[in-house]
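One letter stands for each residue in the lines below.
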Amino acid sequence: MLAAVKKIARFYIDGFRNMTVGRTLWIIILIKLAVIFAVLRLFFFQPTLQGSNAEERGDEVLQQLTTHNDTVTYE
Amino acid sequence: MNDFLQTVDWSRAQFALTAIYHWLFVPLTLGLSFMIAFMETKYYISGDEFWKRTTKFWMRIFGINFAIGVATGIILEFEFGTNWSNYSHFVGDIFGAPLAIEGIMAFFMESTFIAVMFFGWNKVSKGFHLASTWLTAIGANLSALWILVANAWMQYPTGCTFNLETVRNEMTSFWDVLLSPVAIDKFTHTVTSSFALAAAVVIGISAWYLLRGRERKMARHSIAIASVFGLVFSIVAAFTGDRSGAVVAKYQPMKLAAMEGLYDGEQGAPLTVIGIVRPEEERTSNDDAFYFKIDIPKMLSVMSFRDSEAYVAGINDLLDGNPEQGIMSAEEKMRRGRVAVAELERYKEAKTAGDEEVIAKVRRKFDPDTPEGREFLSEYFAYFGYGYIATPEELVPNVPLLFYSFRVMVGVGTLLILAFALVWWLNRRDRLADKRWLLRCLILLIPLAYLASQAGWIIAEVGRQPWAIQDMMPVSAAASRIGSTSVMVTFFIFLALFTALLAAELSIMFKQIKIGPDNEKR
Chain A
0 MLAAVKKIAR FYIDGFRNMT VGRTLWIIIL IKLAVIFAVL RLFFFQPTLQ GSNAEERGDE
60 VLQQLTTHND TVTYE
Chain B
0 MNDFLQTVDW SRAQFALTAI YHWLFVPLTL GLSFMIAFME TKYYISGDEF WKRTTKFWMR
60 IFGINFAIGV ATGIILEFEF GTNWSNYSHF VGDIFGAPLA IEGIMAFFME STFIAVMFFG
120 WNKVSKGFHL ASTWLTAIGA NLSALWILVA NAWMQYPTGC TFNLETVRNE MTSFWDVLLS
180 PVAIDKFTHT VTSSFALAAA VVIGISAWYL LRGRERKMAR HSIAIASVFG LVFSIVAAFT
240 GDRSGAVVAK YQPMKLAAME GLYDGEQGAP LTVIGIVRPE EERTSNDDAF YFKIDIPKML
300 SVMSFRDSEA YVAGINDLLD GNPEQGIMSA EEKMRRGRVA VAELERYKEA KTAGDEEVIA
360 KVRRKFDPDT PEGREFLSEY FAYFGYGYIA TPEELVPNVP LLFYSFRVMV GVGTLLILAF
420 ALVWWLNRRD RLADKRWLLR CLILLIPLAY LASQAGWIIA EVGRQPWAIQ DMMPVSAAAS
480 RIGSTSVMVT FFIFLALFTA LLAAELSIMF KQIKIGPDNE KR
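Listed in order, the protein sequences are those of chains A and B.
Once you know that position 33 of the first sequence is 32 in numbering that gives the first Met the number 0, the rest is easy, because the numbers rise by one and skip nothing.
Once you know that position 288 of the second sequence is 287 in numbering that gives the first Met the number 0, the rest is easy, because the numbers rise by one and skip nothing.
Since the hints were derived computationally from the structure, they do not count as laboratory data.
Backbone N, C-alpha and C fix where the C-beta goes; we use that ideal spot for every residue, glycine too.
It is possible that some hints are incorrect.
[Said to hold, decoys possible] Just a few of them, taken from the derived set where beta-carbon distance is under 7 angstroms, the chain A residues facing chain B: (1) G14; (2) L41; (3) F44; (4) R56; (5) G57.
Please construct the entire structure, taking both the sequences and the accompanying hints into account.
This is the structure in structure tokens:
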């Protein structure tokens with residue numbers, strides 16, 4: 000089992016080590032993932048509904064769906 | 000325009016930007032992966048190093064495209080939670096299921112075998128490597144299946160019931176969602192047209208090599224594979240597109256009417272081949288909708304209902320109603336929708352007041368197991384989304400954008416079929432390399448194929464406006480009540496991020512194409 004895990008790990012390590020174009024691509028991927036998860040997700044994309052469970056979130060949506068009607072005139 | 004309407008518009012713009020950007024990468028991945036698998040199969044069977052070299056070159060192009068495109072779709076899921084929270088909660092049970100399957104099954108399958116595909120040369124057996132390449136292609140296309148099933152459900156919500164307690168639509172039949180006619184057509188049309196796009200990319204890049212007098216053998220063999228692949232799947236895409244048109248006629252008649260600029264419904268309706276649409280304030284009927292147009296008589300009826308005398312509803316029929324054709328007016332749908340919204344409001348007030356009697360009454364109306372419930376659900380709740388529509392005119396999507404996008408998609412699609420056939424024929428006779436003007440034109444096929452692919456999505460998504468979910472929830476009700484400034488700021492962050500990533504991709508891709516297949520170490 001351990002040998003198999005080591006073999007798989009070696010497969011990936013060697014693969015990454017021998018990369019050429021892939022190295023640049025991985026840098027881009029890592030920067031992109033950092034921006035998406037560490038910046039956008041944390042600072043800009045928090046879930047809007049505040050309820051801690053489905054029922055509370057349901058009440059919130061119910062509230063919004065039944066008040067939209069009075070205020071929205073979409074153009 | 001108040002702040003909430005600005006929020007809705009910025010949220011739509013942001014979603015459109017993210018989806019358009021994401022879709023720059025997906026179609027090439029879907030089609031190129033299968034062509035690579037085919038090339039590697041030739042290597043596996045023949046043992047010829049030429050095929051290994053060719054496979055590795057296209058694999059590198061695939062890898063660049065995959066690396067830059069990967070995870071851009073995740074941003075769409077963030078947007079659901081933040082900008083479209085009402086929508087997410089309202090349909091999360093249904094919409095979330097295919098997305099979760101996509102994440103768990105297809106993405107992991109794809110990611111695992113991609114590692115073997117890139118790192119496994121000379122480390123795993125030839126057979127295992129080949130299997131990984133095929134499984135990567137299948138995994139990529141399975142990912143697309145689940146996303147497209149989710150999208151199709153928004154165009155044609157089926158296999159669900161509304162749960163009043165949780166204010167959510169819940170899935171009642173996975174198979175109805177997966178095998179809905181819209182889902183089947185959306186998947187087959189999207190995937191086959193993506194295969195055609197990928198073929199255009201392979202041919203375009205190969206044409207560049209022929210123009211430069213480089214890599215002639217690889218270019219010719221790549222063109223041979225891509226032209227057959229492209230020809231077969233562009234013809235299949237034409238058939239699946241035709242089927243999609245018939246499905247749209249049945250389930251989204253307003254989208255079809257807007258695509259055609261058809262204001263007054265007709266028996267034996269013609270298909271407009273080309274035309275120039277008049278400005279919105281001048282368009283009221285079929286007589287004044289166009290400056291000029293060229294029609295094919297009865298063709299729209301044939302394409303929509305497979306009957307040259309079938310009645311195709313126009314925008315005015317759908318707004319004003321047409322009792323003769325059994326079409327309900329928009330005003331009546333809006334009235335019924337408001338009744339459904341009012342019942343929901345009554346439930347909310349009763350819940351707040353603790354009025355169990357009213358709660359029980361409203362619950363019966365939403366109970367599909369009682370006759371009263373079935374009647375309310377089919378006669379009123381079926382039009383729930385119309386309860387948020389202020390004027391019937393809101394129900395008409397952008398006619399010129401749809402009209403021109405449809406013609407761009409079909410026009411380029413037809414051009415691709417002709418080009419694939421011509422290229423296959425010339426390449427087979429070894430007469431393609433001499434035709435420099437044609438090789439230059441083939442390079443231009445690449446941006447044209449992307450344009451057609453994006454135009455297809457514009458038809459699908461702009462065409463269903465104002466709906467986030469057809470008839471069930473307009474975008475104005477689906478959007479979160481958040482400040483427009485934050486959405487606007489993230490829109491521009493995305494614009495900058497996406498532009499930088501796209502520039503990076505194109506730069507790396509062009510460099511690798513210039514280097515060619517032999518210089519793996521650069």
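Evaluated hints:
Because the beta carbon of G14/A sits about 3 angstroms from the nearest beta carbon in chain B, less than 7 angstroms, this interface hint is met. Checking L41/A against chain B by beta carbon gives a least distance of about 11 angstroms; that is not within 7 angstroms, so the hint is violated. For the restraint placing F44/A at the interface with chain B, the shortest Cβ-Cβ distance is roughly 4 angstroms, inside the 7 angstroms limit, so the hint holds. The beta carbon of R56/A is positioned within 7 angstroms of a beta carbon in chain B (closest approach about 5 angstroms), and the interface hint is therefore held.
A cut of 7 angstroms between beta carbons decides the hint on G57/A: the least distance to chain B is about 4 angstroms, and the hint holds.
When each numbered hint is compared with the structure, a violation occurs for hint 2 only.
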